[in-house]
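Colleague: One-letter residues, chain by chain:
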Amino acid sequence: MTNSWTDIKNTDLVVVMGGNAAEAHPCGFKWVTEAKHHRGAKLIVVDPRFTRTAAVSDYYAPIRPGSDIVFLMALIRWMIENDKVQWDYVKAFTNASFIVKDEFGWSDGLFTGYDEQKRDFDRSSWDYVVGDDGFAVTDPTLQNPRCVWNLLKAHVDAYTPEMVERVCGTPKDRFLKIAEMIGECSSKTKTMTSMYALGWTQHSKGAQNIRGMAMLQLILGNIGVPGGGMNALRGHSNIQGLTDLGLMSNLIPGYLNIPTEKEPDWATYLKSRAFKPLMPGQTSYWQNYPKFMVSFMKAMWGEAAQKDNDWAFHYLPKLDVPAYDMLRMFELMDQDRVNIYFCQGFNPLLAAPNRGKLTRAFSKLKLMVIMDPLETETARFWENHGEYNPVDSAAIQTEVIQLPSSCFAEDEGALVNSGRWLQWHWAAAEPPGDAKLDTWIMAQIFNRVKALYQTEGGVFPDPILNLAWGYADPNEPKPDELAREMNGTALGDVFDPKDAAKMLTAAGKQVKSFAELRDDGSTACGCWIYSGCFNEDGNNMARRDNADPSGLGVHPKWAWSWPLNRRTLYNRASADLNGQPWDPERPIIQWTGEKWEGNDVPDISPTAKPGEVMPFIMNPEGVSRLFSRGMMRDGPFPTHMEPFESPVQNVFNARMRGNPVARVFESDVETFGDASEFPYVATSYRLTEHFHYWTKNNVVNAALQPQGFVELSVQLAEEKGITNGGWVRVWSKRGEIRAKAVVTRRIKPMICDGKPVHVIGIPLHWGFVGAAKKGWGPNSLTPYVGDANIETPEYKAFLVNIEPAVGEAVS
Amino acid sequence: MAGRQFSESTDEILSLRPVEVRRYVTFTRINHWFTALCFILLMLSGFALFHPALFGLTALFGGGQTTRWLHPFIGIALSVSFLGMFVQLVHLNILRREDLVWTAQIGDVIAGHEERLPELGKYNFGQKSVFWGMFWLILALLISGIMMWYQYFPDLVSVETRRIAIFVHSVSAVLIVLVLILHIFAAVWTQGTLRAMTRGTVTGGWSWRHHRKWLRELARRQSSKPAE
Amino acid sequence: MNIPVTQATAATAVAAATDSPRTAVSNPPVQPMASNLGQAAVVRSSAGGPVAEQPTALTKVAKLIDISKCIGCKACQSACIEWNDTHPAIGENVGLYENPHDLTDQMFTLMRFAEYDNPDTGDFEWLIRKDGCMHCEDPGCLKACPAPGAIVQYSNGIVDFIHENCIGCGYCISGCPFDIPRMNPVEHKVYKCTLCSDRVAVGQGPACAKACPTQAITFGSKDDMTTLAAERIEDLKGRGYANAGLYDPQGVGGTHVMYVLQHADKPSLYNDLPDDPSISGVVANWKGATKPVGLAAVGLAAAGAAAMALFSRGNRVTVEDEREAQLLVRDEMDSVPGSTGRDV
Amino acid sequence: MNIDLSRRGFLKLAGAGVAATSLGALGFGEAEAAELAHVRDFKLVATTETRNTCPYCSVACGIIIYAKPGDDGKRRVTHIEGDADHPVNRGTLCPKGAALKDFVNAENRLTQPMIRKPGATAFEPITWEDALDRIARALKDDRDANFLQTNEAGVPVNRWTTTGFLAASATTNETAYLTYKVVRSMGIVGFDNQARV
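Chains as they are written, first to last, in this note's numbering: chain A, 1 to 811; chain B, 1 to 228; chain C, 1 to 344; chain D, 1 to 197.
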């Protein structure tokens, strides 16, 4: 989220598209009802199903799963056509005026540079024209036909309301009414917020869905302002934290990167991360990258990381592929190229796509280690549960070790909420039986492996032997020790760069914030964006002053928000070129003539003059991007792409299947189904009564929605002879499930490209362990393909068939 | 053989001086008193739940919960028991022409001028009314009682029907208690009656006075028995 | 930084809530607190059970359920289960979102879902109503109950069951105009929402109102809730719901659980919420006239019969009657031709 | 004789009825049966309160955990409720959060390490010592066998692809950071977390 949960109360219009906030985030959704009640805000819901969010909306429109880009581009087109543009914002704070290279273009649904063999674009043409001075060329008058604004106008021209009706199945009048409501938020004093979640991410072009809305928000001038923003409603309680901390193949805490093979040394690695400003006088904050990186290496390897060994650069692995993400690992497993796999609080057997493939892949492991507070299907993938898990245990040679871990009630530490607040919590009880804290388990594993290397030697033991492990009890590092390590410590005295005589922090003390981090090895910091969370003021994450002096829902002294306790990202953009708030009634920060001040921590240097330094300091341009250059693999503008399994062909290019650059493993190609065999569109989701597969173990939540079901329209039910509450069989090319049928008027057939499209909703929760009735997850059906940029699986749009089935099978 | 129109086969003149007549055999008397016992228990437990002022009666049964579950079972017992009575007594309780005359001359009944009334069989219209009153009210109580027997039949009828059932049950209960009072009163007021249900016999005078046709038939029956 | 853990000690003084709570948004105490809901606050009690002569005058409370804010998430059900330590069964799907499928003795509140195609706007609406005890000012359950003190009404308006006194007859189930109370088939006691009387008694709001994520359920004084409702109704009218209104049915004297309805002209749209509920005439008659009249009739009859038995001579059999009987028997026996004699 | 007896009997009966009636009217029954009105004992009395955060979604609602010692002397959770002081949830909780107690105390909580041997049809208990030693041994062996120090071009790559680690989504930052350190120090690249899905 760019903004915080409590900030939503400042909005005038909430658009829930690509999500189901009321069901997935009920307590956060409170701030929507608050905005409706006290600000008269309106709520729009666009969703294939009439959800419980829609139940309290002011306006609802249906949409075919996987067609969101068309809807969003059509909204942009409508805004431009009807002059619903926050012009001052667009001209000053976006790259609308930047001139793009002449070679860049788009035709037949593809941008320039496509290589069908590689399934990749050559993105070199997707960039600005850069002048001899090294700065990008712009046309502030927006007259140049090659400026971003004019290219955008041309790009969205095809996305007419009629096109929306044709591709999305959304009635034209519904679309136009929504466009009109949204258009009102181009006013400087009206804001719209976008609340989305997996409804946008779980597509083969998920990132482009989100970009589409982000662009719309920029055009309306809604990024950085109270009540605005792009608000990704993160799923799990610390998904944000784990992402911040880089627990991914290619990340280092604080959104730094693991080097690739093309960066064989420190100098090369840093060279591609120079982040030289693309416009004169701009702050390009990533120029501090080396400070963050060196401090991280010092936190990891302490004394072993020195300037002369490039800060132990080779202790880091180098990637040969963009990422060894979950899907790639399961693919490698299936190829018998993985031996050991750890699942820490994760149930991939039900969470990853194409369960059949997963079972096959897990069966090829030598050892699987589970750390979990609860029983999971993954831990028991080898156990026969009749039709619910029809495996031959004897044939599975995988050893499985299941380690009982603690849960939230029993441990201490911080979780990062969707609004980037780090909130500390304390242990209330002791783990049951012999269950142990995760930190203890990780320390035990590490210490034992280290001891083996110490006694036996082995391959490249250095990074293990030298890992910084200065914890009071090496067997159980304490949460506050780890938090302090993440915050960062001065290893030597840290001085003010502007005044070498002024010592900011003495050696041995906690650094105050990442502003004190250095690239000379005098600071260590585990996660630079968290720097400031546990400094010499104490544990700021444990703060509990809920005061809100501004009344804008800032709560500056409640817990701690990264970065620097800033509650709204890009908040500099909430003020105009003179530094005055666009909306005087919602002033979040303003320029006093000398510095930035206000209700939030300014997202810019406090002395950066408003007319000179632009708000988007994390971009070398200083402005936001309507045209994303080569940053995304599938295009600088979002363009319509059908799901890999779609009932209709891409209107731009009938030959194009799904996202043309999404990664498809060879073995999975044949598992994609066609509309001839699988005529119905399925979409998967979670019900508000449940939390993924966890609450299966909870008798209360199991009672509130006890049994697996699918939802379908009255019309489809009649067509197929399916009765409400009766059994159905749903199958795709990859597997089948049985479930009860919920026949409802909340799902209605749509007409797309002249033919009726039926949507079948498949909620997830059920498996073969737990208190709830046994059942299947939708992942028995879903295709094994992910988003082109981030590999999130396409769970929200795929094809199935359905028929009535008979009662409970014997298991 | 002389016809048996006004008497049971077990009714019999037992002695002549003085005349003593068997009115009820032992089985019938046990049946009656068992029914009566059930009735009393039902009345007590029913009254306890009927009016708050009488809730204290639940103490006799060991509290409200016990009273609540016991009452319907006693009701079933009574119904079965009464059915036995019904089978034994029903044919002499069918209304006859003389019952109309009796009813028309109810004043003479109350005044004790029975000589002005027609001769009656084993039962007079009052007794028949008690019989049929009991029958219909027990039937109503049984049916409505089952409808409101929540422990075993929670979903037998709709809430609306159950409300009516409860209403019918309580009104019927009041009526049947009134019938009972009439029954006991008549038994007491008409002296010499009670022994019919205690000893099983009545005096000849009682029979002559109240049920002369019955007595007459018994005498005829016993005189007309074939010779040994 | 405040202290994260507090340990209550037995030595802590017993505090008491002086009046009804005005909100559900507060954290409950762990120190012993005196309850203000006891015999002293009872204004009505079933079947002539004991009431306080001068009941503690507590502010009337109400729970306001704003259906236009309700997202049907069932947090109220969940919070209710956890607070009241009930155990609803894990059932099955029968094609509905209602789970359990109805109120039970283990589920005091239930989200009911109604799909409605609004003919006036052409829009589809999903009307979700939290069902549960309405805490009537004139409670039909209390009226129907035959067990003294098994159902009481406190001066703050809460209608509560005193389970020790419940005899399990189920009359309250028939007496309720909203079909709310449910029998526990094992204990033979009837259960329903208590409005979390144990929480209210120590100054806390009901668990459901505290939990409700969108604050569609709010709790406070009935006056405050009525004012809040008016504000919400105004907002809804501004959003095109011309018939938005408050559901506080006067047929039962008003209720201490009220709804803000988008379509207050048609409460029955919301899964058969009664349009104009009142205590059934049958129940009223049964508990009204029948009781005293019936008892009087029985009493009078008994007394009359007793008096007559005492003071009138009764119908006696005379000596002449006995003689007449002997004559008759003799005559009848003899009169029969072919008689072989007396078979006595 | 009969008559008199009968009359006495009747009077007795009538008298009993009147007596019962009067007793009832005098409140005989209530004094005996009616429990005075009262509410349930407040169940949080004498519990400990701990501030915590709901582990489900990222609204991260503030919660208060109420606990008291169980039979084994260990502190056990008896109730969980929203923290009214929390600026985001203001004491509210969703249907999952409101039922957290039954998550913590779920029957399916794991309480001891288990091992499933190759081809076996069931888990069997194993001690922590043995389990951790087995894991460490397996890691060391696999790493030594499959760690790739340089690629074909001779560039140092120091990666290990035959072992993977899937991290959680509800562990604390502190656990996550420690996990990061351990996994990265070994050179594991098959590293991912729930954010992927």
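One or more hints might be untrue.
To be verified - In silico lysine-lysine, DSSO-like type, Cα no more than 30 Å apart, as pairs:
(1) 117/D x 595/A
(2) 748/A x 237/C
(3) 773/A x 117/D
(4) 478/A x 74/D
(5) 364/A x 43/D
Rather than coming from a laboratory, the hints here were simulated on the basis of the structure.
Colleague: Each of the hints needs a verdict: does it hold here or not?
Modeller: Verification of the hints:
no., hint, verdict
1, 117/D x 595/A, "66 Å, violated"
2, 748/A x 237/C, "28 Å, holds"
3, 773/A x 117/D, "28 Å, holds"
4, 478/A x 74/D, "21 Å, holds"
5, 364/A x 43/D, "51 Å, violated"
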